[in-house]
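Please model the complete structure; the sequences and the hints are all you need to start from.
Residue numbers (our numbering), protein chains in the order written: chain A, 1 to 96; chain B, 97 to 683.
Read the hints as simulated data drawn from the structure, not as lab findings. For glycine and all other residues, C-beta sits at the position ideal for the given N, C-alpha and C. Mixed in with the good hints, there may be bad ones.
[To be verified] Sample of chain A residues facing chain B (criterion: CB under 10 Å; computed from the structure):
#: 1; residue: S16
#: 2; residue: L22
#: 3; residue: L39
#: 4; residue: Q87
#: 5; residue: G90
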Amino acid sequence: MPGFDHATKSVDEAASPRRTRLGLQLFCVYLALYVGFVLLNALAPERMAITPFAGVNLAVLYGLGLIVAAFLMALLYEVLCRRIDRQDAGRGGDAK
Amino acid sequence: MIYEPSKIAVSVFLLFVAVTLAISFRLGAQAKSSQGYFAAGGGIPWFVNGIAFAGDYLSAASFLGICGMIAFYGYDGFLYSIGYLAGWIVALFVIAEPIRRLGKFTFADALDSKFKSRGIRLSAAVSTLVVSLFYLIPQMVGAGALVKPLLGLPHWAGVSIVGAVVVLIVVTAGMASTTYVQFLKGSLLVLFSGWLTVLILQRGLVVDERYRPGSSTTDALAATQTLRVTADGERIVNGLPQGESKDADFWPVGHISKLPDGKLETGPLGPLEFLSTLQQSEVVLWSSATKAEPDGSTLTTYSQRVVPGAEILRPGNSPTFKGVRSERIQDKLNFLSLMLALFCGTASLPHILIRYYTVKDQAAARKSTVVGIASIGFFYVLTLFLGLGAMTSGAIDVTNSNMAAPLLARSMGELLFAMISAIAFTTVLGTVSGLIVASSGAVAHDLAESIVRTPLTDHEKIRIAKLAAVVVGVLAMALGILFEKMNVNFLVGWAFSVAASANLPSLIMLLFWKGTTRQGITTAILVGMISSLTWILLSEDTFRDIYGLNPADAWVPFSQPGIVTIPLGFATVILVSLLTKERSGES
Chain A
1 MPGFDHATKS
11 VDEAASPRRT
21 RLGLQLFCVY
31 LALYVGFVLL
41 NALAPERMAI
51 TPFAGVNLAV
61 LYGLGLIVAA
71 FLMALLYEVL
81 CRRIDRQDAG
91 RGGDAK
Chain B
97 MIYEPSKIAV
107 SVFLLFVAVT
117 LAISFRLGAQ
127 AKSSQGYFAA
137 GGGIPWFVNG
147 IAFAGDYLSA
157 ASFLGICGMI
167 AFYGYDGFLY
177 SIGYLAGWIV
187 ALFVIAEPIR
197 RLGKFTFADA
207 LDSKFKSRGI
217 RLSAAVSTLV
227 VSLFYLIPQM
237 VGAGALVKPL
247 LGLPHWAGVS
257 IVGAVVVLIV
267 VTAGMASTTY
277 VQFLKGSLLV
287 LFSGWLTVLI
297 LQRGLVVDER
307 YRPGSSTTDA
317 LAATQTLRVT
327 ADGERIVNGL
337 PQGESKDADF
347 WPVGHISKLP
357 DGKLETGPLG
367 PLEFLSTLQQ
377 SEVVLWSSAT
387 KAEPDGSTLT
397 TYSQRVVPGA
407 EILRPGNSPT
417 FKGVRSERIQ
427 DKLNFLSLML
437 ALFCGTASLP
447 HILIRYYTVK
457 DQAAARKSTV
467 VGIASIGFFY
477 VLTLFLGLGA
487 MTSGAIDVTN
497 SNMAAPLLAR
507 SMGELLFAMI
517 SAIAFTTVLG
527 TVSGLIVASS
537 GAVAHDLAES
547 IVRTPLTDHE
557 KIRIAKLAAV
567 VVGVLAMALG
577 ILFEKMNVNF
587 LVGWAFSVAA
597 SANLPSLIML
607 LFWKGTTRQG
617 ITTAILVGMI
627 SSLTWILLSE
637 DTFRDIYGLN
647 PADAWVPFSQ
657 PGIVTIPLGF
667 ATVILVSLLT
677 KERSGES
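This is the structure:
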């Protein structure tokens, strides 16, 4: 594995306010889903026993949903960050 | 007998150890600078780093602990899976890019990037060491617990083998070898867990013969198992000295007593079909009660109870999460506190944060986190099937929940058992090596430079780091032997709470509030660390499990500190920053 002894120079070492804002927005969405799950467990645990879909109860469906949602939101974040990077690069080019 | 030493398991384990050491020696020559030693030169490809995140993060607690908890209590273990994964959202959306941008080798680099403060460096280094040590103990205890039944070696031997191999890995090539060992472990863990899950679904669910109509169900359910430990330490199992003969041991448990529609077996099932069928079935679970006898011995009786599947797939069956169904406000707060610590803890663990320095830039840090979330999330979905598969496999040890996953694999065949057991060992190797790299970096890069007050040369830093790796490794081995009887999940919970209370408030406030001062950061780390540790030491769980005292005498109202100490950390950084703003002129 070559290259361990020299740091590769970064191409995007600056902070991006747009990426930061996007990250915080997605974080808030996931936080709301997670808080909903935790509060439902704590305040209305009997609700977790209802079976809304495919014979599987809400506790399992909500839990699996949180894991799948984390993955989908991570993918969405990556796609949108790339778009932001391209737009930022384009604006930089225009400025020149 | 449940445990029989397996030559294939030993061979596969030795092969894994040989491969990890070969990787280390191969990469050793390429990591001579501190950049190479602590951060693998920033040259790890993002995909490899993402899988290495999984290798670093999926510790013995995740693999053995969660599967075991689900196998013994049902859904509750899955709450850990959900909380552990949710923490990665904080890491990706809030922490990943700034950490990569601001830091170089250690977590303290990022915190200290603005202020160049000796106080921040020292407090962050101490916090890293404390969190890493708390995390190391359960890994070592897990290694000892694995080696005992699988290889027939004593607990101390398992701890020593893992400790020695890990120290060799870290000393020879630092972060580079650690990364590739974690990559190997992460890949194998996810792949073989997936394979095991496919086999569980193909096998479907089967009513055990003893509980079928026509058999003497009442007698089968009335059967108990007993363990008497005499005053001189002899173990009598079901009336016979343990290991005296093939029958002188616990019999394996984990059975279904009833399937829906009177079926006796289901045949292959899809994932949701498996869950819905189990929800309509009845499962035989075991509970235990221990009492002291007049002759100085202790007698533990394990007895059966039939539990509806719908009950098993609801939260609140285990001692850890029983508060969910309690009416006491303290129990509710304890549950909320644990879920908060799991959410906030991941992005505060030093051995996870330093992995961001091994990739070239922010985009690579972000992409590797996405890969990490995909592989870790996939694994956590599998834990539900692995745990429930073990619960109904007829193969588990009623006395040891940590062995549920390897014993489930044994019920599928000897080769799979050998692979899963060896992967379980590698799981410990991967996580421990990450923790030792983080600790040695904190000692060499943060503590040593702060103490001598002059910059060290590359050569000096690496020498100190290697020495620190040996010292931390030996310390971890000693603690792993000393804490043999401790519950591993309990200790991991400590590490998450301390990390979230000490590290996260400072990190978040530094990134998002310009008014943060160096005094605010230093004080918040110390207050978060000390308050969470003190809370844990004064809690009900510690009174009962460590001091052997009456839990009702505990000084704090519930055991998990996060809901108090994480906000306390934030309050401290804000208050101290406001008070020191004028003086330091750092706003």
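To see whether the hints hold, each was checked on the structure:
Taken as an interface hint, S16 (chain A) checks out: its beta carbon lies about 8 Å from the nearest beta carbon of chain B, inside 10 Å. Because the smallest distance between the Cβ of L22 (chain A) and any Cβ of chain B comes to about 8 Å, under 10 Å, the interface hint for this residue holds. About 8 Å separates the beta-carbon of L39 (chain A) from the nearest beta-carbon of chain B, less than 10 Å, and the hint is met. The criterion of a C-beta within 10 Å of any C-beta in chain B is not met by Q87 (chain A), whose closest approach is roughly 14 Å, and the hint is violated.
Checking G90 (chain A) against chain B: minimum C-beta separation of about 16 Å lies over 10 Å; hint violated.
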